[in-house]
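Asker: Line order of the protein sequences matches chains B and X.
When we follow this note's numbering, the leftmost residue of the first sequence carries the number 292, and every step to the right adds one.
When we follow this note's numbering, the leftmost residue of the second sequence carries the number 292, and every step to the right adds one.
Hints should not be assumed to be uniformly reliable.
The list cannot tell twin chains apart, which means a pair is met if one copy fits it or any two copies do.
Okay, derived cross-link-like pairs now, PhoX-like style, lysine-lysine, Cα gap no bigger than 20 Å in a straight line [what the hints assert, rightly or not]:
id: 1; residue 1: 547; residue 2: 602
id: 2; residue 1: 388; residue 2: 498
id: 3; residue 1: 759; residue 2: 649
id: 4; residue 1: 498; residue 2: 697
id: 5; residue 1: 705; residue 2: 539
id: 6; residue 1: 697; residue 2: 727
id: 7; residue 1: 498; residue 2: 601
id: 8; residue 1: 737; residue 2: 649
Think of the hints as simulated: they come from the structure by calculation, not from any bench.
Small disclaimer: the values here were computed from a predicted structure and weren't measured.
This is what each chain is made of:
2 protein chains.
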Amino acid sequence: MITKYKNIKQQRYNGPKRSGTPRTKTQAPQLVKHFDGKNKLRIIPLGGCEEVGRNMTVFEYNNDIVILDMGLQFPEEDMLGIDYIIPNIEYLKGKEKNIRGVIFSHGHLDHIGAAPILLQKLGNPPIVGRNLTLAMIKHRVEDYEPNSSKKLKTILIKNISDKITLGSFKLSFFQIEHSIMDAIGLILSTPHATIVHPGDWTMERDKNGKAIVDYSHLAKLPRPTVLMLESLGIVSTKASPTSVELKKTLEEIISKAPSRMIIGTFSSQIERIGWIIEIAERLGKKIALTGYSMKMNIEIAQELGYIKAKKDTIIKVEQINNFPENKIIVICPGAQGEENAALTRIIEGSHRQVKIKKNDTIILSSSIIPGNERSIQRLKDNLYRQCDNVIHGALMDIHISGHGTKDDIAYMLKTIRPDYFIPVYANHYMLKEAEKLAQSIGFNPKRIFVPDNGSVIEFDHQGGRLTKEKAIANYVFVDGMGVTDSSNSVVLRDRKMMSEDGMVVVIATIDSKTGDLIGSPDIISRGFVYMKENQELIQKVRLKIKAIIKGRPMPQPGVTEDDYLKNKIRTDVGQFLFQQTKRRPLLLPVIIRV
Amino acid sequence: MITKYKNIKQQRYNGPKRSGTPRTKTQAPQLVKHFDGKNKLRIIPLGGCEEVGRNMTVFEYNNDIVILDMGLQFPEEDMLGIDYIIPNIEYLKGKEKNIRGVIFSHGHLDHIGAAPILLQKLGNPPIVGRNLTLAMIKHRVEDYEPNSSKKLKTILIKNISDKITLGSFKLSFFQIEHSIMDAIGLILSTPHATIVHPGDWTMERDKNGKAIVDYSHLAKLPRPTVLMLESLGIVSTKASPTSVELKKTLEEIISKAPSRMIIGTFSSQIERIGWIIEIAERLGKKIALTGYSMKMNIEIAQELGYIKAKKDTIIKVEQINNFPENKIIVICPGAQGEENAALTRIIEGSHRQVKIKKNDTIILSSSIIPGNERSIQRLKDNLYRQCDNVIHGALMDIHISGHGTKDDIAYMLKTIRPDYFIPVYANHYMLKEAEKLAQSIGFNPKRIFVPDNGSVIEFDHQGGRLTKEKAIANYVFVDGMGVTDSSNSVVLRDRKMMSEDGMVVVIATIDSKTGDLIGSPDIISRGFVYMKENQELIQKVRLKIKAIIKGRPMPQPGVTEDDYLKNKIRTDVGQFLFQQTKRRPLLLPVIIRV
Numbered sequence: 292m293i294t295k296y297k298n299i300k301q302q303r304y305n306g307p308k309r310s311g312t313p314r315t316k317t318q319a320p321q322l323v324k325h326f327d328g329k330n331k332l333r334i335i336p337l338g339g340c341e342e343v344g345r346n347m348t349v350f351e352y353n354n355d356i357v358i359l360d361m362g363l364q365f366p367e368e369d370m371l372g373i374d375y376i377i378p379n380i381e382y383l384k385g386k387e388k389n390i391r392g393v394i395f396s397h398g399h400l401d402h403i404g405a406a407p408i409l410l411q412k413l414g415n416p417p418i419v420g421r422n423l424t425l426a427m428i429k430h431r432v433e434d435y436e437p438n439s440s441k442k443l444k445t446i447l448i449k450n451i452s453d454k455i456t457l458g459s460f461k462l463s464f465f466q467i468e469h470s471i472m473d474a475i476g477l478i479l480s481t482p483h484a485t486i487v488h489p490g491d492w493t494m495e496r497d498k499n500g501k502a503i504v505d506y507s508h509l510a511k512l513p514r515p516t517v518l519m520l521e522s523l524g525i526v527s528t529k530a531s532p533t534s535v536e537l538k539k540t541l542e543e544i545i546s547k548a549p550s551r552m553i554i555g556t557f558s559s560q561i562e563r564i565g566w567i568i569e570i571a572e573r574l575g576k577k578i579a580l581t582g583y584s585m586k587m588n589i590e591i592a593q594e595l596g597y598i599k600a601k602k603d604t605i606i607k608v609e610q611i612n613n614f615p616e617n618k619i620i621v622i623c624p625g626a627q628g629e630e631n632a633a634l635t636r637i638i639e640g641s642h643r644q645v646k647i648k649k650n651d652t653i654i655l656s657s658s659i660i661p662g663n664e665r666s667i668q669r670l671k672d673n674l675y676r677q678c679d680n681v682i683h684g685a686l687m688d689i690h691i692s693g694h695g696t697k698d699d700i701a702y703m704l705k706t707i708r709p710d711y712f713i714p715v716y717a718n719h720y721m722l723k724e725a726e727k728l729a730q731s732i733g734f735n736p737k738r739i740f741v742p743d744n745g746s747v748i749e750f751d752h753q754g755g756r757l758t759k760e761k762a763i764a765n766y767v768f769v770d771g772m773g774v775t776d777s778s779n780s781v782v783l784r785d786r787k788m789m790s791e792d793g794m795v796v797v798i799a800t801i802d803s804k805t806g807d808l809i810g811s812p813d814i815i816s817r818g819f820v821y822m823k824e825n826q827e828l829i830q831k832v833r834l835k836i837k838a839i840i841k842g843r844p845m846p847q848p849g850v851t852e853d854d855y856l857k858n859k860i861r862t863d864v865g866q867f868l869f870q871q872t873k874r875r876p877l878l879l880p881v882i883i884r885v
Numbered sequence: 292m293i294t295k296y297k298n299i300k301q302q303r304y305n306g307p308k309r310s311g312t313p314r315t316k317t318q319a320p321q322l323v324k325h326f327d328g329k330n331k332l333r334i335i336p337l338g339g340c341e342e343v344g345r346n347m348t349v350f351e352y353n354n355d356i357v358i359l360d361m362g363l364q365f366p367e368e369d370m371l372g373i374d375y376i377i378p379n380i381e382y383l384k385g386k387e388k389n390i391r392g393v394i395f396s397h398g399h400l401d402h403i404g405a406a407p408i409l410l411q412k413l414g415n416p417p418i419v420g421r422n423l424t425l426a427m428i429k430h431r432v433e434d435y436e437p438n439s440s441k442k443l444k445t446i447l448i449k450n451i452s453d454k455i456t457l458g459s460f461k462l463s464f465f466q467i468e469h470s471i472m473d474a475i476g477l478i479l480s481t482p483h484a485t486i487v488h489p490g491d492w493t494m495e496r497d498k499n500g501k502a503i504v505d506y507s508h509l510a511k512l513p514r515p516t517v518l519m520l521e522s523l524g525i526v527s528t529k530a531s532p533t534s535v536e537l538k539k540t541l542e543e544i545i546s547k548a549p550s551r552m553i554i555g556t557f558s559s560q561i562e563r564i565g566w567i568i569e570i571a572e573r574l575g576k577k578i579a580l581t582g583y584s585m586k587m588n589i590e591i592a593q594e595l596g597y598i599k600a601k602k603d604t605i606i607k608v609e610q611i612n613n614f615p616e617n618k619i620i621v622i623c624p625g626a627q628g629e630e631n632a633a634l635t636r637i638i639e640g641s642h643r644q645v646k647i648k649k650n651d652t653i654i655l656s657s658s659i660i661p662g663n664e665r666s667i668q669r670l671k672d673n674l675y676r677q678c679d680n681v682i683h684g685a686l687m688d689i690h691i692s693g694h695g696t697k698d699d700i701a702y703m704l705k706t707i708r709p710d711y712f713i714p715v716y717a718n719h720y721m722l723k724e725a726e727k728l729a730q731s732i733g734f735n736p737k738r739i740f741v742p743d744n745g746s747v748i749e750f751d752h753q754g755g756r757l758t759k760e761k762a763i764a765n766y767v768f769v770d771g772m773g774v775t776d777s778s779n780s781v782v783l784r785d786r787k788m789m790s791e792d793g794m795v796v797v798i799a800t801i802d803s804k805t806g807d808l809i810g811s812p813d814i815i816s817r818g819f820v821y822m823k824e825n826q827e828l829i830q831k832v833r834l835k836i837k838a839i840i841k842g843r844p845m846p847q848p849g850v851t852e853d854d855y856l857k858n859k860i861r862t863d864v865g866q867f868l869f870q871q872t873k874r875r876p877l878l879l880p881v882i883i884r885v
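With the rest of the complex left out, here is chain B (with noise of 0.2 Å):
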């Protein structure tokens, strides 16, 4: 399925050198003094260091550049109709040459969705991942171009213990936990300085509240080391429970469920599902799955063979009639209030196959997507009206964080003893919440840098340094087919004003001999007033342009007098229907001359 691209250079090489005794003090060593001035490391965050998601970093040593993950960002309330956004590439622009591949982390959509589009804007460099990873790209990439994804060159990381040069670049991994299967660390070594970043990352803890993967050999490495670490999980103190208390308590769940068990979750929960397999085969019930995502997903982790499921455990959804009620488990992507989802479509009526009865027992078990909060309530409201066994988060434990909390990033610092540290991949705000945190145990402010979107940072033999230099980096719109640079805001806006108020079109007919009104002016409002309750109203605004046309005056230099008469009804209708209603509805005026 994934074919290894050949025709790059992939040497092994004997790893970063040990810097002899491990360190016992958080302070940094001498940097590596036997590079001349003229070399450089240098990063730039190109998304993740303002808002969550469209994560994407640069990392360039003099003419090498490699670039880690490619994400999308969801739009902001106030972005009307915008798909999603994409990392601005303008920087990379005639250096696509020096680009010697892009690495990515894990595949969530905050680090791959963007993919498709930047790929092929960049000429196609290789792509470095795990095997589900480049897998969830490759189906991705399909999906917004049939056919497009054999130009993918890819370069799988078979082992964790793949080293593979790029350039001047020397990459090494190492295991972390995420909430996604074939989740990796990043090791980046140059000449100058080595950077960790485990890209998203979780920790789950023994008794003793010890990490159970050891980072401890991440302090060994090559001084300087920079750790870039993502820090959305700064504000939050409460543990999750571990993946043994969540998988007890599901299978609790689910052996005491009366009758049918709906499950929704992220469709990227692949691990989660392939324990929800493993009790259902163990209760002897039949897994459904719904929702193209859901079934997507479980498919490329079948065929890599993460998921291992008897031949009839996984039946189609069209069949769950056939078998006895407390026999089926259903799980569907759409536990967070997103229009047409699976679940969604469920808890609405207009699934296909999938009815909600009153005693089938249905679990949301996934934290809800900023801004659809309201959303959200009302699912549930719709839910608990059919349905008397709901099960979701702000009741039991049923979800674990993906991301490691306060004491967790605090636990990375001591544990990795950095010489650099670079909060990355979350709000603003919670990459200085870190760089507070870092301080309070001692941390040496001086090496902590908290990057915007666009910043630089160097590293050379005189140590490293945020600069004042930025790189371009606002929002670039995926808006339908149109991908656009955000700085063209005025389609964005008129979207707003038409949202909040609707739209007046005004259309007088005028005789280009006579100068008279033909007829009566046309009025068309859509979104603003109810018309039909509004007919005084539309009668006077008719009647204020008769006398605006009427009375116009002779033609200026230098305006014509369409625009004058544009400008005079914009003007004044304008400020008579808010007058009249308080709405400012966008008001378009057309003068049509025959």
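Use these hints to put chain X onto chain B, whose structure you have.
Answerer: Frame of chain B; chain X shown alone:
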């Protein structure tokens, strides 16, 4: 200020008769039998039982009606341009003369916000409330329509022990705790049942977990008792800090602040603002208030003597630069990310007097309004860039929830031991959870009623029941000056379409003699695609329209030619635009014949 309305019958009565020895079981007693079968008590929640907000409950005893609260609800994500939602009073049409009074439990907008509109529509029935509540209603009524507050007929609850008679209803009150001063609990006595309704409530407890306010007297009211309990906190298990703890935290933060302080909070948090004034006076600091609602509320509270400040403690915000920075505390609303709120303007740099400085200390001390999460994130990011000392709810316990938790609800049920339980004033799923909780502690399931908005609950000599009758209770939207029943949804549907994909107006002028198109069709789009970049697309649309007009068949009976052309343009051009852009703008064809 608040004039007691003289013409209303307001008799003292001797309080409800005690039912003898306190009962020890939560079973219902025999119902009162000495009333004939004609008398009925009906309870109709017109709002507050599905979504949060627009709380309003109608109590009807034969020909007497009293109402509790008239709140507003903030619009959901898809109610574009709607200012707010008010309860539907269709049920009260024709019964206005029966309304003996409207009781307001406290002054929050979700309990008084619809009063200016609804009181007027109902012919200004007498209103009952405590001092601050009535003053806030009066201000809101004035804001809505200047000079209209003199029409209000107010009955002031001077003392918590006051008794008021409104027709067949006898009102008495009890102390509750909530996040605004002058909140009260209501006891509504009728010959058939005694209703206990604390309005919104929370519970402070002593070290032994015992509620500081004693509710045990509510167990001794004449039976049967009906507890209508706000259950918004049912899914929350975390106890809030006590007010003593919160005061201490606030004093600590304020005394440690290196320079100026800016505190963002709800303007209705009058008590808390009172604490800050106290602390400021102890530390020799000045308070500046900014934001209309903040200044208004504190003015009311000062007039009523609820906030006592020395003459020179509160200064104008214009004066803040006349004092040393470490002597200044600015208090403003806007910690929830609302557009145009004072704190939002301060953070965005558009506030006239207050500009943020690096060493300011800023507290965001209230909870987030659902739906504003992303705006809040952006606000925080923006704030952290400008200021080194930001303190918010996620980091420190600086907010007390105004709502009792799951444990508190259980405590209330066990203490009051009502005969009937009706969870209200929360999302529907929360009401269901409250029902589950009551059942789990042994409450008789047949005596729990979970109402929807518009449900009719009846009590008579045969007992209580949730009937199948439903009063009309769908949304009523306030949209600028318009107040519209939501069944008229075409305006909203158009706004939604335009907010996502914009709109395109196509104007074709046809010579009515020859039937030929005059000139080229005019095409105007807003919020669709950036026109300058899509000239080719527009040109193709023009050609399509020309072809449609040229190729039109002879008019068919029953369809005018204009209708045919409009439909054809909508279908063909709509399809073409979708193919080209994957967007479906609102398409408005206009045919002009000259």
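Asker: The structure should be examined with respect to each hint, and the outcome stated for every one.
Answerer: Do the hints match the structure? See the list:
no.	hint	verdict
1	547 with 602	neither (25 Å within a copy, 66 Å between copies)
2	388 with 498	neither (50 Å within a copy, 69 Å between copies)
3	759 with 649	between (61 Å within a copy, 19 Å between copies)
4	498 with 697	within (18 Å within a copy, 30 Å between copies)
5	705 with 539	neither (32 Å within a copy, 33 Å between copies)
6	697 with 727	within (11 Å within a copy, 35 Å between copies)
7	498 with 601	neither (34 Å within a copy, 56 Å between copies)
8	737 with 649	between (60 Å within a copy, 18 Å between copies)
Checked against the numbered hints given earlier, this structure breaks hints 1, 2, 5, 7; the rest are met.
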